[in-house]
Amino acid sequence: MPSYTVADIIRGLDAGDYSSEEITRQYLDAIAARDGQYNSFITVTPELAIAQAQAADNARARGESSLLGGVPIAHKDIFCTDGIRTSCASKMLDNFIAPYNATVVEKMAAAGAVTLGKTNLDEFAMGSSNETSFYGPVRNPWNRDCVPGGSSGGSAAAVAAGLAPAATGTDTGGSIRQPAALCGLTGLKPTYGRVSRYGMIAFASSLDQGGPMARTAEDCAILLQTMAGFDERDSTSMDVAIPDYRAALDTDMRGQKIGIPKEYFSAGLDPAIGDAVHAALAEYQKMGAELVDISLPHTELAVPCYYVIAPAEASTNLSRFDGVRYGYRCENPSDLDDLYTRSRAEGFGDEVKRRILVGTYALSAGFYDAYYRKAQQIRRLIKQDFTDAFQQVDIIAGPTTPNPAFGLGEKVSDPVTMYLEDIYTIAINLAGLPALSLPVGLCDGKPAGLQLIGRDFDEARLLAAAHQYQQRSDWHSRRAPDCD
1 MPSYTVADII RGLDAGDYSS EEITRQYLDA IAARDGQYNS FITVTPELAI
51 AQAQAADNAR ARGESSLLGG VPIAHKDIFC TDGIRTSCAS KMLDNFIAPY
101 NATVVEKMAA AGAVTLGKTN LDEFAMGSSN ETSFYGPVRN PWNRDCVPGG
151 SSGGSAAAVA AGLAPAATGT DTGGSIRQPA ALCGLTGLKP TYGRVSRYGM
201 IAFASSLDQG GPMARTAEDC AILLQTMAGF DERDSTSMDV AIPDYRAALD
251 TDMRGQKIGI PKEYFSAGLD PAIGDAVHAA LAEYQKMGAE LVDISLPHTE
301 LAVPCYYVIA PAEASTNLSR FDGVRYGYRC ENPSDLDDLY TRSRAEGFGD
351 EVKRRILVGT YALSAGFYDA YYRKAQQIRR LIKQDFTDAF QQVDIIAGPT
401 TPNPAFGLGE KVSDPVTMYL EDIYTIAINL AGLPALSLPV GLCDGKPAGL
451 QLIGRDFDEA RLLAAAHQYQ QRSDWHSRRA PDCD
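Read in order, the letters of the sequence shown are residues 1 to 484 in the UniProt record's numbering.
Keep in mind that the hints were calculated from the coordinates and are not lab data. Be a bit skeptical, because a hint or two may be false.
The calculated lysine-lysine pairs, modelled on DSS-like cross-linking and capped at a C-alpha distance of 30 Å, are [what the hints assert, rightly or not]:
1. Lys286 <-> Lys257
2. Lys262 <-> Lys286
3. Lys411 <-> Lys262
4. Lys374 <-> Lys353
5. Lys383 <-> Lys257
6. Lys374 <-> Lys262
7. Lys262 <-> Lys383
8. Lys91 <-> Lys353
Put together the whole structure using the sequences plus the hints.
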């Protein structure tokens, strides 16, 4: 089927080229025919999708309009969806039917979006390759022997394979941007607090943030317009004015300063990724932007800092999954202690257990000051690095990932090597800043991503910068060879 963008579908619906039901059935047919190759969906919701599409068509016939009226999308299976399994790709929640909608799902439905289904992910969003899912790994449409990135790899693969025009994702340490880069998409991690976390099952509460994944910056702007906003049900939600993101896309680059951190172009960067990023930066110079050399001196501390704070918060958040109230329960427990122990041992996968153990250790009485408190102090230094840099520049740019998509199974047995795949993305979550990845080239036939980082709540500038580049390039419109 044609490679539609969200904007394409909106124009087609407005022009009467097709109905929402027709385009929705095309996507459902594509999922049924082709997702066996990618494993990008955990749950497909054809009945709900057709009902929502028909409702959107009826509303359009009555002259009623909404931002996403009739546009099919997919949701990462970490957002609660009323009456639909919400598994977090874990055996622990394999039988959990959510009794309510997450705010993101609620907002999308209110804007007229059609839910195609729930996408695969690393278990409880813990991973960088989408290989830790209870339902099996997701495969990258650009090369099915390679990972799509994680944890939002199912969302990325579904969009890259043309099984959905867009999808929601979550980003705790790069989990929107990294799979977007590895699958040739545009993915935005908004400022912490810009998108409600209500109903988004928590991994690390001070780091998690929902955001859009799509082919273009324009599509991400349309989706963020719907997703963003204050939510009194989320104590971390920020009541900050929301600009018209789509209208701001025409902002040009003349006079803008782009900071280039020397730490992002180290020996660990694949030279082909570096070349693609430098070529994209040269295009920004042609558009009138000024490149400024900067330093983020605490970058090398971001990974160890993150892998104390994130597991500590995961240990606390996942303590609720105990085999008592909902989720997986072991067979025939002998007593309460056996119920807790075996339910958690059998219900969680190895990576989740590893992070729970690390986090519990870091929070224990004898080690709290040495590890968790120290990590929080380093986090403050990392935030200050960005604050200082933004005194000189408007945007910070660099590679999204150090390498292109790697082979399935290649790094799963070496957690530290896997963790280093997020070296350029983690610091942004620690600082709570917005960041966006956009495709800028190919590395050995696999996509390369450029990361743009902005000031707090300056998503509009990032989306405009990405859009301006995409008006002068075609990397975002190229399809995986597997999907031609």
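Decide if the proposed pair is consistent with the structure: Lys374 and Lys353, CA atoms, cutoff 30 Å inclusive.
-> holds, 23 Å
Does Lys286 lie within 30 Å of Lys262 when you go C-alpha to C-alpha?
-> Distance ~21 Å between Lys262 and Lys286 Cα, so the pair holds.
Restraint check for Lys411 with Lys262, where alpha carbons must lie at most 30 Å apart | Since the Cα atoms of Lys411 and Lys262 sit roughly 27 Å apart, the hinted pair holds (cutoff 30 Å).
Are Lys383 and Lys257 close enough, with their CA atoms no more than 30 Å apart?
-> holds, 20 Å
Does Lys286 pair with Lys257 here, judged by a C-alpha cut-off of 30 Å?
-> Holds, at about 13 Å.
Is Lys91 within 30 Å of Lys353, Cα to Cα?
-> Status holds; Cα separation ~13 Å.
Hinted pair Lys262 and Lys383, Cα distance within 30 Å = Roughly 17 Å separates the two Cα atoms, so the pair holds.
Has the given pair, Lys374 with Lys262, been kept, meaning a C-alpha gap of at most 30 Å?
-> holds, 25 Å
The structure shown violates none of the earlier numbered hints.
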